[in-house]
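Peer 1: Listed below, chain by chain, are the residues.
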Amino acid sequence: MDFSMAPGTFLFEAWQARASLLQGLGVTMLSSALSIVIATVCGLAMGVALAYGWWWLRLVARLYVDLMRGIPLLVLILFTYYGLALFGINVPAFWAGVIALGAFATAHVAENFRGAVQSVPAGQMEAAKAIGLTFGKRLSYVILPQAVRRMLPPWVNTALEIVKGTTLLSIIGVVELLLSAQQAMARNYMIIDFYLLTTALYVAINFTLAQLGASLERRFSYLRY
Amino acid sequence: MIDYHFDWSVIARNADKLTDALLLGLGLAVVSLLIGSVIGLLAAYARVSGKAWLSAPVWAYVEFIRCTPLLLLIFFLYFGLPEFDVTFLDKTQSFVLSLSLYAGAYMCEVFRAGLASIPKQYVEAAKAIGLRPWQRQAYVILPVMFRITLPSIGNNLISLFKDTSLAAAIAVPELTFTARQINANTFRVMEVWLTASALYLASAYLIAMMLRLLERRYASIR
Amino acid sequence: MTEPALLQARDVRKSFGQVEVLKGIDLTVSQGQVVSLIGASGSGKTTFLRCINLLEEHDGGEILLDGDPVGYIMAGERRKRLSETRISAQRARLGMVFQQFNLFPHLTAAANVMLGLTKVQGKSDAEAREIAQHWLGRVGLADRSGHYPYQLSGGQQQRVAIARAVAMQPRLLLFDEVTSALDPELVAEVLSVMQGLAESGMTMLLVSHEMMFVRDVSHHVVFLDQGKVAQAGPPGEIFGNPGNDRLKSFLGRFHGLFGRG
Numbered sequence: 001m002d003f004s005m006a007p008g009t010f011l012f013e014a015w016q017a018r019a020s021l022l023q024g025l026g027v028t029m030l031s032s033a034l035s036i037v038i039a040t041v042c043g044l045a046m047g048v049a050l051a052y053g054w055w056w057l058r059l060v061a062r063l064y065v066d067l068m069r070g071i072p073l074l075v076l077i078l079f080t081y082y083g084l085a086l087f088g089i090n091v092p093a094f095w096a097g098v099i100a101l102g103a104f105a106t107a108h109v110a111e112n113f114r115g116a117v118q119s120v121p122a123g124q125m126e127a128a129k130a131i132g133l134t135f136g137k138r139l140s141y142v143i144l145p146q147a148v149r150r151m152l153p154p155w156v157n158t159a160l161e162i163v164k165g166t167t168l169l170s171i172i173g174v175v176e177l178l179l180s181a182q183q184a185m186a187r188n189y190m191i192i193d194f195y196l197l198t199t200a201l202y203v204a205i206n207f208t209l210a211q212l213g214a215s216l217e218r219r220f221s222y223l224r225y
Numbered sequence: 226m227i228d229y230h231f232d233w234s235v236i237a238r239n240a241d242k243l244t245d246a247l248l249l250g251l252g253l254a255v256v257s258l259l260i261g262s263v264i265g266l267l268a269a270y271a272r273v274s275g276k277a278w279l280s281a282p283v284w285a286y287v288e289f290i291r292c293t294p295l296l297l298l299i300f301f302l303y304f305g306l307p308e309f310d311v312t313f314l315d316k317t318q319s320f321v322l323s324l325s326l327y328a329g330a331y332m333c334e335v336f337r338a339g340l341a342s343i344p345k346q347y348v349e350a351a352k353a354i355g356l357r358p359w360q361r362q363a364y365v366i367l368p369v370m371f372r373i374t375l376p377s378i379g380n381n382l383i384s385l386f387k388d389t390s391l392a393a394a395i396a397v398p399e400l401t402f403t404a405r406q407i408n409a410n411t412f413r414v415m416e417v418w419l420t421a422s423a424l425y426l427a428s429a430y431l432i433a434m435m436l437r438l439l440e441r442r443y444a445s446i447r
Numbered sequence: 448m449t450e451p452a453l454l455q456a457r458d459v460r461k462s463f464g465q466v467e468v469l470k471g472i473d474l475t476v477s478q479g480q481v482v483s484l485i486g487a488s489g490s491g492k493t494t495f496l497r498c499i500n501l502l503e504e505h506d507g508g509e510i511l512l513d514g515d516p517v518g519y520i521m522a523g524e525r526r527k528r529l530s531e532t533r534i535s536a537q538r539a540r541l542g543m544v545f546q547q548f549n550l551f552p553h554l555t556a557a558a559n560v561m562l563g564l565t566k567v568q569g570k571s572d573a574e575a576r577e578i579a580q581h582w583l584g585r586v587g588l589a590d591r592s593g594h595y596p597y598q599l600s601g602g603q604q605q606r607v608a609i610a611r612a613v614a615m616q617p618r619l620l621l622f623d624e625v626t627s628a629l630d631p632e633l634v635a636e637v638l639s640v641m642q643g644l645a646e647s648g649m650t651m652l653l654v655s656h657e658m659m660f661v662r663d664v665s666h667h668v669v670f671l672d673q674g675k676v677a678q679a680g681p682p683g684e685i686f687g688n689p690g691n692d693r694l695k696s697f698l699g700r701f702h703g704l705f706g707r708g
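Residue numbers (this note's numbering), protein chains in the order written: chain A, 1 to 225; chain B, 226 to 447; chain C, 448 to 708.
Each hint should be verified, as a subset may be incorrect.
Claimed, not checked - Below, computed lysine-lysine pairings styled on DSS-like, alpha-carbon distance capped at 30 Å:
#1 C/K675 - A/K129
#2 C/K566 - A/K137
#3 C/K570 - A/K137
#4 A/K129 - C/K570
#5 B/K242 - B/K345
Note that these hints are calculated values from the structure, not bench results. Source: prediction; values computed, not measured.
Please model the complete structure; the sequences and the hints are all you need to start from.
Peer 2: Given below as structure tokens:
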């Protein structure tokens with residue numbers, strides 16, 4: 001690769017494309033952030049339903065989780081995109097994508113939460129009962145603090161999957177990082193260079209997230225016994 | 226919601242196309258799993274070899290794959306390889322290459338964990354009866370490891386099958402692409418996507434059931 | 448002068464499915480008494496202990512704590528389960544120490560002891576901290592109050608667990624085989640804390656396999672066999688003069704710990 005800044009070189013083209021690339025990156029970050037928030041809020045609620053709900057609530061939550069984990073994310077995105085348009089709900093592709101991504105990840109967060117709550121040893125609930133705490137306080141002061149700490153590493157993993165999932169939004173026309181890089185490539189034909197650049201950006205973001213997850217896992221490893 | 230009249234004949238008319246697409250998807254997943262397993266097994270051995278020059282590149286490969294969106298990898302190989310004068314790969318082959326490389330990283334982790342969890346007693350017993358290193362691998366370690374990792378392999382197959390939906394991005398006629406085509410031609414959104422979803426779910430369920438049967442036959446050894 | 452016994456169990460029964468584990472246990476514990484339950488595994492002693500603070504729910508009979516029925520009251524002919532709030536309040540008057548310690552791993556030793564004081568007994572943080580520090584000192588861990596359970600040895604964790612139970616000033620302390628999960632060299636430190644508590648007049652009900660300790664510290668020993676009280680009496684009688692055949696063979700397993708008489 002020619003590293004001079006003359007016209008026709010990669011650095012020149014990258015610099016030319018910087019505005020649209022940055023915008024694409026911004027769309028990636030924004031859609032990721034929104035989906036993560038949706039997934040966390042809804043996922044926690046659904047997780048509580050899975051772990052503590054009445055039988056019918058658990059059933060509904062279970063069906064939702066199994067459904068979301070059984071169909072590919074791309075199918076869900078396309079279904080949401082075409083489906084919403086069909087019913088006259090005219091949302092931009094961006095929001096259709098965020099909703100689909102959020103709904104998809106909700107299932108993962110819910111399942112992580114349920115697993116985390118059930119992995120707290122039974123003895124903890126017993127000790128909490130033995131000192132006379134009522135159900136609500138047992139959850140608040142003993143079970144949930146432990147469950148949340150156990151849940152953080154998988155949650156970071158889910159966030160990482162969401163960031164990777166935003167690339168699928170390019171298929172319904174959302175100009176996130178991947179698509180804006182491809183649009184730049186269409187102008188300058190520097191295919192390898194721009195794919196490498198895009199890859200480097202994704203790897204940088206995701207590797208940071210992965211390291212965060214690993215350090216959280218180490219930090220709370222004392223809970224695993 | 227309201228005024229939607231289901232017309233399932235659309236599905237009936239395209240049943241053969243959908244079936245072919247589904248089978249193609251399954252085929253892609255199986256082939257990628259096989260190639261990925263070979264890559265993964267070699268990679269796992271490199272990782273546990275204790276030699277940095279073997280272990281480090283494999284670590285880099287695995288981390289790279291985990292941090293790269295699959296779609297990006299697919300596009301990169303499909304559009305990028307021709308730039309290196311690698312032009313013999315058609316869409317499907319290019320996709321299989323991408324998915325195999327992707328699977329290789331995950332299978333590496335599966336096999337690494339599997340190798341680590343083989344009870345030492347088996348290895349010691351194998352040594353004690355005088356088996357040579359390659360014999361120990363072939364007759365004791367690998368068979369035991371495959372039994373232990375069978376559930377993970379099965380789960381990876383299901384994941385890979387879902388990942389084949391991304392082949393739609395480069396117009397490989399698997400299930401998602403075909404569904405999108407039918408959708409574009411007929412505008413029967415609900416029928417098409419419900420069918421596609423149902424087919425994916427049913428396939429995942431079938432694979433899971435077969436996995437359970439296999440597990441019972443080769444009851445995983447601890 | 449008869450005041451109600453601190454703990455009174457009458458004809459307590461409990462089944463798990465088809466299996467009847469407790470077949471009518473009668474037991475009395477008076478204030479300041481140390482009572483030990485001994486018996487083979489499966490004899491029901493842990494189940495009975497757990498029925499007292501309602502970690503298990505007895506199916507029949509009644510358990511009275513200071514005359515107050517635990518868990519259920521009789522409304523005419525029918526048993527009515529008490530509300531969660533009532534049951535929690537009853538549990539707060541009891542203290543339990545578990546075989547697996549069950550310390551809260553996300554809290555320091557001091558915070559473990561303080562949790563019941565602040566959230567159940569409504570004490571202020573400052574007051575709870577003082578009490579916690581006092582009891583951690585009594586069990587020999589004053590300098591470890593800021594440590595987390597994973598930073599403590601098994602024996603230290605169990606001593607914190609004892610402090611956690613005692614700090615709430617329970618009417619009765621329940622000990623469920625508290626040394627069984629400890630490495631042998633750590634058992635002594637825990638037993639010595641328990642001995643100290645017994646000597647200071649704490650009312651205790653223990654399930655234990657540490658026969659020497661049971662003999663030395665108990666006022667009353669109850670031998671359970673297959674869900675029933677087979678023999679009960681002072682340690683001298685149980686260990687020195689076992690009348691019951693099953694008791695004899697049970698004690699015989701603790702080779703030569705008990706000489707003649």
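Peer 1: Each hint needs a verdict: does it hold in this structure or not?
Peer 2: Hints versus structure:
1. The straight-line distance between the Cα atoms of C/K675 and A/K129 is roughly 27 Å, inside the 30 Å bound, and the hint therefore holds.
2. Distance hint between C/K566 and A/K137 is fulfilled; the C-alpha atoms sit about 8 Å from each other, no more than 30 Å.
3. Restraint check for C/K570 and A/K137: the C-alpha separation of about 15 Å stays at or below 30 Å, so the hint holds.
4. Restraint check for A/K129 and C/K570: the C-alpha separation of about 18 Å stays at or below 30 Å, so the hint holds.
5. As the CA atoms of B/K242 and B/K345 are separated by approximately 51 Å, the hinted pair breaks the 30 Å bound.
Checked against the numbered hints given earlier, this structure breaks only hint 5.
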